[in-house]
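Participant: This is what each chain is made of:
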Amino acid sequence: MMILLTIFMMGLGSYAMRAVFILLLSNRSFPPSALKALEYVGPAVMAALVMTMLLSPEGGSAPRVNEWAGLVTAAVVALVTRNHIYVLTLAMAVYWGVGYLV
Amino acid sequence: MLSDPNSSEPNYVRRGFLDALILVIPAIPFALVFGLAVRESGVAIWLGWSSSPIMFSGAAQITLITLLGEGASIAAAATAALVVGARHLFYSFSMAPVMQRQPSWFRWFAPYMLVDQVFALCVGKQDLPAADFRRYYLAAGMTFWIFWMTFTALGLFVGPVLPPGLDITFATPVLFMGLLVTTIDSWQKAAVAVFAMGVTFLLADMPSRSGLLVAALAGLVLGLVLERFRR
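If you're matching them up, the sequences are chains E and X in order.
For the first sequence, the working numbering gives the first residue as 1, with consecutive numbering after it.
For the second sequence, the working numbering gives the first residue as 1001, with consecutive numbering after it.
Calculated directly from the structure, the hints in this document are not laboratory data.
Among the clues, some could well be false.
Stated by the list, open to error - If we take Cβ atoms under 7 Å as the criterion, some of the chain X residues that face chain E in the derived model are: (1) 1057; (2) 1071; (3) 1123; (4) 1146; (5) 1173; (6) 1182.
Claimed, not checked - Have a look at the derived ranges for each label pair, beta carbon to beta carbon: (7) X:1075 <-> E:102: 28 to 34 Å; (8) E:79 <-> X:1046: 28 to 34 Å; (9) X:1230 <-> E:76: 23 to 29 Å; (10) X:1224 <-> E:102: 39 to 45 Å; (11) E:24 <-> X:1044: 45 to 51 Å; (12) E:101 <-> X:1224: 38 to 44 Å; (13) E:102 <-> X:1072: 19 to 25 Å; (14) E:72 <-> X:1070: 33 to 39 Å; (15) E:72 <-> X:1206: 21 to 27 Å; (16) X:1149 <-> E:76: 33 to 39 Å; (17) E:65 <-> X:1185: 27 to 33 Å; (18) E:16 <-> X:1073: 20 to 26 Å; (19) E:24 <-> X:1142: 21 to 27 Å.
The C-beta atom is built at its ideal place from N, Cα and C for all residues, glycine as well.
Only chain E is shown next, with the shape it has when bound in the complex (with noise of 0.2 Å):
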C-alpha cells in the first residue's frame, strides 16, 4: 500500500515538474530577451542527456572509443545531410565497426 502510494506522488511529480512552466506562463508575455535565452535550453539540456547516456548510472565510467566515434559520426551526418535516416545507419555501422575492431 505504501508502494502504491509512493507510486501516486511519484506520478504527480513527474506531472508536476513537466508542467510547472507550460502552465504557469501560459498567460505571461515573453520579452524578446526571455525568448532569446529560453533558444538554449533545448541545446544545453539535449547536450547534457546525449552525454548522460553514455555514462553508466553508477558514475566512473567514461564512453568507449566506439561510442565516441558513433557520436562523432551522427553529427557530422547530421551537419552535412540534415537527414536522421543516414545519421542512424551511418553512425550505427560506425559505433558497431569500430566496437568490433578495438
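For this one, chain E is given, so just place chain X on it according to the hints.
Facilitator: Same frame as chain E, but now just chain X:
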C-alpha cells in the same frame, strides 16, 4: 524531421507517428529491462508496472523500483527518482512559449507525455503552425505511450529476449545527437552544446545523474553570456 522532408503531403499525424517509431525501436531493450527490474525488486509485478501509466518516465521508474527493491527507504528512493526526473523542468521551460498558442486542454494534457523522445522530436518543431505542432506532438506522444505500456508489461514476463550481441540501445543517443545538431543554428548554440557535454562528462560521478542538471544550467548561463556578442 526524421521522415522525408521533401514529402509533399504535410500530414503531421503521420510524421509524428513515423518519427516516434524510429525512436521506439532502440528503446525496446530499455523497456524490457524495466520489466526485469520489477521482477527482481520483489515489488508485486502489477504494482511495479502501474508506474508506467502513472509516472511514464523510464529512468525515474527504474531508479524508484530498483532502490525500493534494494531496501532503500521510500524517502531515499523517491528523492533519487525525482532528481533523475528533474531534467523535465528544463523541457517544461523550453516548451512554455510554443504552448501559449495551444488550447488549454492541450496545455494540461501535453506535459503528461513530455518524455525525452517527445521533447527531442518537438523542440525543433516550434515554428510549425499551432494545429500542426499539436498533431505532431500528440502522434509522437501517443506512439511512445502505447509502446512503453506494452513493452514494460512484456518485460515482466519475457525478460530481455533480444540477443545481447545486438546492441541497438546506442541508437537513442545517436538520434538525439542528430536532433540536437539540427536545432543548432548559431556558433553560440554549438558552443553551449559542447560546453554542456563537457560539464556532464566532468560531473559523471555526481549521484542520480544530477550532473546533467548542473551541466544544463551551466550551458544556459553560457548561452546568456554569449548572446551579448550577437549584437
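Participant: Would you mind marking each hint as holding or not holding in the structure?
Facilitator: Comparing the hints with the structure gives:
For residue 1057 (chain X), the shortest C-beta to C-beta distance to chain E is roughly 5 Å, which falls under 7 Å, so the interface hint holds. For residue 1071 (chain X), the interface hint is violated, since its Cβ never comes within 7 Å of a Cβ in chain E; the closest pair sits about 13 Å apart. Against a cut-off of 7 Å between C-beta atoms, the interface hint on residue 1123 (chain X) holds, since the closest Cβ of chain E lies about 4 Å away. Given the 7 Å rule on beta carbons, the hint for residue 1146 (chain X) is violated: about 18 Å separates it from the nearest Cβ of chain E.
Hint status for residue 1173 (chain X): holds, given a least beta-carbon distance of 4 Å to chain E, under 7 Å. Checking residue 1182 (chain X) against chain E: minimum C-beta separation of about 6 Å stays under 7 Å; hint holds. For the hinted restraint 28 to 34 Å between residue 1075 (chain X) and residue 102 (chain E), the CB-CB distance of approximately 43 Å leaves it violated. For the pair residue 79 (chain E) and residue 1046 (chain X), the beta carbons lie near 46 Å from each other, so the given range of 28 to 34 Å is not met.
The hinted range of 23 to 29 Å is satisfied by residue 1230 (chain X) and residue 76 (chain E), whose Cβ atoms lie roughly 26 Å apart. Here the CB-CB span from residue 1224 (chain X) to residue 102 (chain E) is close to 40 Å, well matched to the stated 39 to 45 Å. For the pair residue 24 (chain E) and residue 1044 (chain X), the beta carbons lie near 37 Å from each other, so the given range of 45 to 51 Å is not met. Residue 101 (chain E) and residue 1224 (chain X) have their C-beta atoms about 43 Å apart, which keeps the hinted 38 to 44 Å range intact.
Hint check: residue 102 (chain E) to residue 1072 (chain X), Cβ distance near 37 Å, so the stated range 19 to 25 Å is violated. Our hint of 33 to 39 Å for residue 72 (chain E) and residue 1070 (chain X) holds, since their Cβ atoms are close to 36 Å apart. Take residue 72 (chain E) and residue 1206 (chain X): their Cβ atoms lie about 25 Å apart, and the range 21 to 27 Å holds. Between residue 1149 (chain X) and residue 76 (chain E), the C-beta spacing of about 36 Å keeps the proposed range 33 to 39 Å intact.
Range check, residue 65 (chain E) to residue 1185 (chain X): Cβ separation about 30 Å, and the 27 to 33 Å hint holds. The supplied range of 20 to 26 Å is met by residue 16 (chain E) and residue 1073 (chain X), whose beta-carbon atoms lie about 22 Å from each other. In this structure, residue 24 (chain E) and residue 1142 (chain X) meet the distance hint of 21 to 27 Å, their C-beta atoms being roughly 25 Å apart.
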